[in-house]
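*Asks:* What follows is each chain in one-letter form.
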Amino acid sequence: MKTIKVSVVTPDGPVYEADVEMVSAKAKSGELGVLPGHIPMVAPLEIGAVRLKKGNETELIAVSGGFLEVRPDRVTILAQAAERAEDIDVARAKAAKERAERRLQAKQDDIDFKRAELALRRAINRLNVAQRKF
Amino acid sequence: MGASLRDIKTRINTTKKTSQITKAMEMVSASKLNRAEHNARSFAPYMEKIQDVVVSVALGSNDASHPMLIKRPVKKTGYLVITSDRGLAGAYNSNILRAVYQTIQERHRSTDEYAIIAIGRVGLNFFKRRNIPVVLSITGLPDQPSFADIKEIANQTVNMFADGTFDELYMFYNHFVNAIQQDVTKKKLLPLTDLVSDKKLTMYEFEPSQEEILEVLLPQYAESLIYGALLDAKASEHAARMTAMKNATDNAKELIRTLTLSYNRARQAAITQEITEIVAGANALQ
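Residue numbers (this note's numbering), protein chains in the order written: chain A, 2 to 135; chain B, 349 to 634.
Keep in mind that the hints were calculated from the coordinates and are not lab data.
Note that the Cβ used here is the ideal one computed from N, Cα and C, for glycine as well.
Possibly wrong hints are sitting among the right ones.
As the list claims (entries may be wrong) - Among chain B residues calculated to face chain A with C-beta under 7 Å, some are: (1) P393; (2) Y394; (3) K397; (4) V401; (5) S494; (6) F495; (7) T550; (8) Y552; (9) E553; (10) E555; (11) P556; (12) I561; (13) V564; (14) S572; (15) Y575.
Please construct the entire structure, taking both the sequences and the accompanying hints into account.
*Replies:* Have a look at this one:
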């Protein structure tokens with residue numbers, strides 16, 4: 002099986018680097034699968050999980066937005082925050098989720114509302130990835 | 349003579365204590381500098397990559413345009429100034445603040461024309477005291493800031509350019525050259541007019557469209573530039589503090605040396621005088 006090099010990079014350092022058979026991610030325009038030999042492409046990502054398929058295993062990485070850059074021999078995911086499923090701090094994500102929910106309950110102006118909503122989505126995404134619910 | 353002997357002794361002791369503290373601070377800063385350099389190194393691949401993509405996307409096709417790429421008439425300028433929270437770092441803060449203050453004096457006549465975004469308490473206090481408008485500020489950042497720590501302020505700063513509050517944004521920070529040299533750097537953050545690349549540009553497919561990608565990419569890029577500047581400034585801060593503390597320790601050592609010398613002289617003088625007195629007394633008895 003042909004493989005493609007994947008690296009997930011954040012401002013705090015590289016999170017993941019390996020050769021995989023397929024990368025699938027949730028782009029703004031919908032689910033996206035990348036196999037080796039793909040033409041160069043750039044796509045913005047949603048808050049969601051990136052799935053990296055290698056043999057029978059699938060590795061999950063939670064990303065908070067960012068974008069995906071594809072070249073024929075490598076895929077780079079640049080996100081402001083990304084964690085592998087096993088590195089996620091579940092307690093912290095739960096706390097963040099509750100905090101965001103409380104903020105959404107209290108009626109605030111639009112900007113705070115939007116920010117709380119994004120925070121909630123990031124927290125839920127982390128929890129889902131940690132529990133491998135994809 | 350006795351009192352002055354004791355005075356000198358006390359001064360030697362206090363100077364010794366001070367030099368122990370400055371020595372400890374020097375060592376702490378040295379290890380913090382180490383970690384700061386490490387952080388800057390782990391950030392480098394992200395920055396390189398995002399720059400690569402931004403340049404390729406923005407220059408790749410000429411019909412791409414985005415407000416962040418276009419120069420517009422300047423009505424209001426924003427200055428992002430990175431200083432430290434605490435002093436004892438030599439000329440680290442004063443160099444930056446002087447540069448910012450001079451720039452403002454040269455370029456602006458009224459406070460409506462500019463505003464400051466202050467990172468670090470020293471800068472914030474400086475501008476407040478001089479009645480210079482500060483629109484955003486953050487203090488109490490950790491010594492090894494992670495991106496999450498400044499995400500919010502970076503995001504708000506970039507948004508202020510997007511919504512037209514500012515028509516241009518500059519960053520002022522100390523660039524880390526090496527442990528003994530840090531240069532005050534003034535860098536234009538937005539608009540991104542000077543994108544150049546020496547590498548070959550990659551032609552990309554865009555999913556869904558180039559405009560929408562720039563919409564995501566450019567703010568993220570600008571935010572990373574701010575984070576990069578902060579990491580750079582933090583490394584400089586620790587280096588500046590290390591050097592300042594090293595100088596303080598050296599000065600304390602020098603002071604202890606001269607004080608010890610005068611202490612010994614005073615002690616010798618006291619002994620000599622005592623002997624003279626005893627001899628004089630013995631002579632008087634004969």
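*Asks:* Evaluate each hint against the coordinates.
*Replies:* Status of each hint after checking the structure:
no., hint, verdict
1, P393, "holds, 6 Å"
2, Y394, "holds, 5 Å"
3, K397, "holds, 6 Å"
4, V401, "holds, 5 Å"
5, S494, "holds, 5 Å"
6, F495, "holds, 4 Å"
7, T550, "holds, 5 Å"
8, Y552, "holds, 5 Å"
9, E553, "holds, 4 Å"
10, E555, "holds, 4 Å"
11, P556, "holds, 4 Å"
12, I561, "holds, 5 Å"
13, V564, "holds, 4 Å"
14, S572, "holds, 6 Å"
15, Y575, "holds, 5 Å"
The earlier numbered hints are all upheld by this structure, with none contradicted.
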